[in-house]
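Protein chains in written order, with our numbering: chain X, 409 to 815; chain P, 121 to 489; chain B, 165 to 312; chain Z, 56 to 251.
Where hints are given, some of them may not hold.
Unchecked claim - Selected chain P positions facing chain B (in silico; Cβ < 10 Å):
#1 Leu-161
#2 Pro-286
#3 Trp-290
#4 Pro-356
#5 Thr-459
These aren't lab readings, by the way, just hints derived from the structure by calculation.
Ideal placement from N, C-alpha and C gives every residue a C-beta, glycine not left out.
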Amino acid sequence: MNCQLAADNILFENALYRVIYDAVGSFLPCWLAYVAAGLAIMLILVNAVLLGAALVTWFERRLLGRFHNRIGPNRWGPFGLLQPIADLAKLMTKEDLIPAGADKITFSLVPLVMMAPLLLMTAVIPFSKNTALANLNVGVLFILAIGSLTTVAIFMAGWSSNNRYALFGAARAVAVLISYEVPVVISLLGVVMVAGSMSLANIVQAQAIPFLLVQPLALLIFLTGMSAELNRTPFDVAEAESEIIAGYHIEYSGIKFALIFAAETGAMLVVAATIATLFLSGWVGPFAEYIGWFWFLLKTLLVLFVFVWIRATYPRLRVDQIMALSWKFLLPLSLINLAATTLEVFFLRDSAGTLATIDLWIMAGINIPLALGCIFLFGNLVPENAKVLSVRPTTVVVPAVATVEVR
Amino acid sequence: MPIRTEPMTVNVGPQHPSTHGVFRLRITFDGEEILEVEPILGYLHRGSEKLAEERNYVQVVTLTDRLDYTSSMINNQAYCLAVEKLLGVEPPLRAKFLRTLVAELQRIASHLVAVGFFIQELGAFGTPLMYAFRSRERILDLFEMLCGARITVSYMRPGGVFADAPPDFWPALTQFMHDFAIEFNEFEQLLLENEILLVRTRGVSPLPPEMAINCSVSGPVLRASGVNWDWRKMDPYDAYDKVEFDVPVGSHWDNYDRFWVRMQEVRQSMRIIDQCVAQIEPGPVRLVDLPLVIRPEAGAEAYGRVEASKGELGFYLVSDGGIAPYRCKIRSPSLINLTVTEHLLVGWKLADMIVSLGSVDINMGEVDR
Amino acid sequence: MMQVKALSGDQLAERLEQALPDSVVDKISDEVWVEPARIAEVARFLKEDEDLDFQFLNSVSAVDFIEYFALVYHLTSLRKQHTAIVKAKVYGRDELVVPSVYQVWRGADFQEREIWDLMGIRFAGHPNMKRIMLWEGFEGHPLRKDYL
Amino acid sequence: MYGLAMAKGLMVTLKNLTKKPTTVQYPEERVKQHPRFRGEEFVWYEERCTGCASCAKYCPLGIIKIVTSPSETAPKQGDKYRLEVFDIEIQRCMFCGLCVEACPYDCLFMGSGFEQGKYSRKDMVLHVEDLRQADKHPSTFFRPQLEASGYDPRGGRPLNWREVGRESWRWHQQEKSGLRLEHSPVDTAGSQQESN
Numbered sequence: 409m410n411c412q413l414a415a416d417n418i419l420f421e422n423a424l425y426r427v428i429y430d431a432v433g434s435f436l437p438c439w440l441a442y443v444a445a446g447l448a449i450m451l452i453l454v455n456a457v458l459l460g461a462a463l464v465t466w467f468e469r470r471l472l473g474r475f476h477n478r479i480g481p482n483r484w485g486p487f488g489l490l491q492p493i494a495d496l497a498k499l500m501t502k503e504d505l506i507p508a509g510a511d512k513i514t515f516s517l518v519p520l521v522m523m524a525p526l527l528l529m530t531a532v533i534p535f536s537k538n539t540a541l542a543n544l545n546v547g548v549l550f551i552l553a554i555g556s557l558t559t560v561a562i563f564m565a566g567w568s569s570n571n572r573y574a575l576f577g578a579a580r581a582v583a584v585l586i587s588y589e590v591p592v593v594i595s596l597l598g599v600v601m602v603a604g605s606m607s608l609a610n611i612v613q614a615q616a617i618p619f620l621l622v623q624p625l626a627l628l629i630f631l632t633g634m635s636a637e638l639n640r641t642p643f644d645v646a647e648a649e650s651e652i653i654a655g656y657h658i659e660y661s662g663i664k665f666a667l668i669f670a671a672e673t674g675a676m677l678v679v680a681a682t683i684a685t686l687f688l689s690g691w692v693g694p695f696a697e698y699i700g701w702f703w704f705l706l707k708t709l710l711v712l713f714v715f716v717w718i719r720a721t722y723p724r725l726r727v728d729q730i731m732a733l734s735w736k737f738l739l740p741l742s743l744i745n746l747a748a749t750t751l752e753v754f755f756l757r758d759s760a761g762t763l764a765t766i767d768l769w770i771m772a773g774i775n776i777p778l779a780l781g782c783i784f785l786f787g788n789l790v791p792e793n794a795k796v797l798s799v800r801p802t803t804v805v806v807p808a809v810a811t812v813e814v815r
Numbered sequence: 121m122p123i124r125t126e127p128m129t130v131n132v133g134p135q136h137p138s139t140h141g142v143f144r145l146r147i148t149f150d151g152e153e154i155l156e157v158e159p160i161l162g163y164l165h166r167g168s169e170k171l172a173e174e175r176n177y178v179q180v181v182t183l184t185d186r187l188d189y190t191s192s193m194i195n196n197q198a199y200c201l202a203v204e205k206l207l208g209v210e211p212p213l214r215a216k217f218l219r220t221l222v223a224e225l226q227r228i229a230s231h232l233v234a235v236g237f238f239i240q241e242l243g244a245f246g247t248p249l250m251y252a253f254r255s256r257e258r259i260l261d262l263f264e265m266l267c268g269a270r271i272t273v274s275y276m277r278p279g280g281v282f283a284d285a286p287p288d289f290w291p292a293l294t295q296f297m298h299d300f301a302i303e304f305n306e307f308e309q310l311l312l313e314n315e316i317l318l319v320r321t322r323g324v325s326p327l328p329p330e331m332a333i334n335c336s337v338s339g340p341v342l343r344a345s346g347v348n349w350d351w352r353k354m355d356p357y358d359a360y361d362k363v364e365f366d367v368p369v370g371s372h373w374d375n376y377d378r379f380w381v382r383m384q385e386v387r388q389s390m391r392i393i394d395q396c397v398a399q400i401e402p403g404p405v406r407l408v409d410l411p412l413v414i415r416p417e418a419g420a421e422a423y424g425r426v427e428a429s430k431g432e433l434g435f436y437l438v439s440d441g442g443i444a445p446y447r448c449k450i451r452s453p454s455l456i457n458l459t460v461t462e463h464l465l466v467g468w469k470l471a472d473m474i475v476s477l478g479s480v481d482i483n484m485g486e487v488d489r
Numbered sequence: 165m166m167q168v169k170a171l172s173g174d175q176l177a178e179r180l181e182q183a184l185p186d187s188v189v190d191k192i193s194d195e196v197w198v199e200p201a202r203i204a205e206v207a208r209f210l211k212e213d214e215d216l217d218f219q220f221l222n223s224v225s226a227v228d229f230i231e232y233f234a235l236v237y238h239l240t241s242l243r244k245q246h247t248a249i250v251k252a253k254v255y256g257r258d259e260l261v262v263p264s265v266y267q268v269w270r271g272a273d274f275q276e277r278e279i280w281d282l283m284g285i286r287f288a289g290h291p292n293m294k295r296i297m298l299w300e301g302f303e304g305h306p307l308r309k310d311y312l
Numbered sequence: 056m057y058g059l060a061m062a063k064g065l066m067v068t069l070k071n072l073t074k075k076p077t078t079v080q081y082p083e084e085r086v087k088q089h090p091r092f093r094g095e096e097f098v099w100y101e102e103r104c105t106g107c108a109s110c111a112k113y114c115p116l117g118i119i120k121i122v123t124s125p126s127e128t129a130p131k132q133g134d135k136y137r138l139e140v141f142d143i144e145i146q147r148c149m150f151c152g153l154c155v156e157a158c159p160y161d162c163l164f165m166g167s168g169f170e171q172g173k174y175s176r177k178d179m180v181l182h183v184e185d186l187r188q189a190d191k192h193p194s195t196f197f198r199p200q201l202e203a204s205g206y207d208p209r210g211g212r213p214l215n216w217r218e219v220g221r222e223s224w225r226w227h228q229q230e231k232s233g234l235r236l237e238h239s240p241v242d243t244a245g246s247q248q249e250s251n
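One chain only, chain X, in its complex shape (with noise of 0.2 Å):
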């Protein structure tokens, strides 16, 4: 018997399901295949996406290494490669605690809440030319959705943990993710309305040039929205290893500390390749058709290269500054985006609606300038009394006396 997959079906377009379907549908009935070709690609993507975090927590750290002048993590396999193996066997052998006075179940929960998330929105990315696990429609609309979830766990994990500092954590989390959420949808809408379409797929192949260009404002949101969701400096003030040590997990060890450490890093890859669709087009390079993943990994690596150079850098900045980075900075550059982008799509997209290669070269042309400016204006928020560096004496002055009249 030969199973037909409907061509409306939304894993229609998946090339990788179909060959599984078709192999599987020429000796099982057809809804066996429907599913088993199902559970079998979820296998391939759970995996991936595990050994994807595992191989960024190497990447990260052996890059802070060489930030670092040091050399980093190279013991195990070449360059140290099997090193977050070697880390997992040993928070497997370690004994897995739960405080007294925690709330059982929230606690052991934590773990799953925040990995199935992860795992939803690695569901909807084109890894290469039609290999999205599922080609959604609202696939931006889904990322922005599913992707906010984390939160809950990492609140959960605040409140059963029974621990002030895990408390302080969660407060923080939950009040910088409130924040952020609105100027990161605000920034996307901009690129959805370019692309004219939330899927992912299409966005990609509006990308006649990268969106980099197109929405240089909206990557700025973007990244630094993406950053404070993900607890990445200079916006960790959930985990703030120097202050409250490790926030909401501070309470976690062996498999369910591992878990959540797997889903923060698994978390910064799937946005740093949410970025690299959005706006670096994708898998869309030179023989996209045989080496997109290639293209598509390429990018990601770059944008993790970004997020991992920016922790290297900078310190963290307080809540309440961060607060006000998002409402008065973020939020205002997103709404003037926005606008400029409806403005220009308004008048130069044509009759059917779309935008021809040319039309986005004089959207980058216009919105560049645009960033620059509206970074000039809106940039200078540091606050007044913190400008002093210029008024400051260069050569120190020595006096005979004491300087201050003593009372």
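Based on these hints, arrange chains P, B and Z on the given structure of chain X.
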């Protein structure tokens, strides 16, 4: 109806990563804001003062290494000055220059640690700390050349230093000063004007000069509060009267100024080192007529002080004519600078608390002694 | 180049005798011994007097001389740039109470607590007279010469 | 302002990314150690030691234990005392080097190593036998004569007792047998000397 809230008491330390050792603060928070602070000390109390009463005058030098372990050379210097005052002797000129030189090297090392950890506490993931330690390691290498140890140096003795610098020390020092000038420029570029750092530290936890003086605060913290007071200038010991340097003074009394003063002091230390290298002349480095076991006359007492990297470090020695000090009181700058903890922290946020504490730059080895 | 000069015991004693009669017990080359019960008074005078102006308390030490304890105050005036040493003899071994100079110089806070902790001299008027280095409930005062 | 200083910071870290690491892979490579390094593995030359216990008296922690008894061969062969015990409790040692400074006969030296981890505290005591049989790589700490000869303990050969002293061997032999003393050195009653 307003939301009912209640304050929350949190123990920060003694195992907290940002309390510079085993320092504990019992803090009452209202949300993230600090209502009450109580510093609790003594987790590293080793009884140095009592131990000093059981050891002869030279052996106590090894104890001073362990007070502020990031500036052991300066501790050696303070103690040796006190003993010399007790005996009424002066070390040879070359020894004075060597002491000044290594004390300034140690000041650079100590300030690098202070600044590195200060930025670390601001949340930078190790990078400034690593760059600071990269330079500090070189200084410790120089110390290894001088005296065979890197941290617990025991380099100085009452009446000089124990041995002259080996011949390969001087080229290594020149090389280091050359490299460090470049590295420190880089360090300043990375930090000095960084907006995030400015936003986080400017105007936070100001310490007015009246308060600072009344609380006996000393060292960079006092100078950051706008008081121009440096014992190296005011009461020059060793070779400080033969070198020129400026005293950086803060204008806003806040966390950023405390950081800035330290950065500038590193620059001044570099100046002093260059002058020492230019002025040093061959000669003896230790008083030969001073026996290994020193016996000052009974009833003599002396208060020897230096401007250590953390502040005024003083040794108050009382002799009863025996081979060991009858009383050896250590006036440790870290402990007394902590007097202002409450003033610095109350009313500020949790994140600022850590930074303010880092800007005071305490060292538990010295606080608890 | 500045040079901080030490005030001689005579000068100090003269000033103190003028303002606070009978407060000075003895004077040696560069130190002055005062009545321990009036140490807070003396401290306030030393700080507030225009010519003396000892705003900065360097250190407070206690030395156990078996028959008495010596309290040693090292003072500095940042404006006048001179230093002084003020001492007080506290006789006895038990239940020693001396007025605290905390209200004059807050810098005495931890040092007075430390003296109480390690030497066993209590300071009346200190708001937080608890042990500092050792834990509450520790018996004895380790820096005393008879502690073993 | 406007994030320019922040961009400058990014450039600094990027520049450092391309630099060579300053750290080394410890067990395989090592940083160069100065000959003055005060290490473990004390070097002790029995031939030079008179058992005067200056080192034991001068040790701030009192971790050197010396027991001597009068030697039968004194004074002809040059040994006034025979050393029975010379133990260094190295687990409490803080490597201040004061014992080396105190030794008047150049017989005790700091070592040059630092990898003396042991599994039990009992093993951490350097007994007289260990000191006798150990490879002699003395550190040049407080020994100007070694420093002047350019000796490097990490790379160099072991030194024997004739090569390390300041004074002539002749002087040393006399000193050791007490011949330099004015009175007869035969009186050894009650000279069992013990320290710590």
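Problem set entry | Restraint outcome when P/Pro-356 is required to lie within 10 Å of chain B by C-beta distance | holds, 6 Å
For this session: Under 10 Å, Cβ to Cβ, is where P/Pro-286 needs to be relative to chain B, so tell me if that hint holds or is violated.
Result: The hint is violated - P/Pro-286 has no Cβ within 10 Å of chain B, the shortest such distance being about 32 Å.
Exercise. Does P/Leu-161 pass the interface hint, meaning its C-beta sits closer than 10 Å to a C-beta of chain B?
Worked result: Check passed: Cβ of P/Leu-161 comes within 6 Å of chain B, closer than 10 Å.
For this session: Identify whether the interface hint at P/Thr-459 stands, where standing means a beta carbon of chain B within less than 10 Å of its own.
Result: This hint holds: P/Thr-459 lies near chain B, its Cβ roughly 5 Å from the closest one there, short of 10 Å.
Problem set entry | Restraint satisfaction for P/Trp-290 [CB to CB of chain B, less than 10 Å] | Hint violated; P/Trp-290 Cβ to chain B Cβ min 28 Å, cut 10 Å.
Checked against the numbered hints above, the structure breaks hints 2 and 3 and satisfies the rest.
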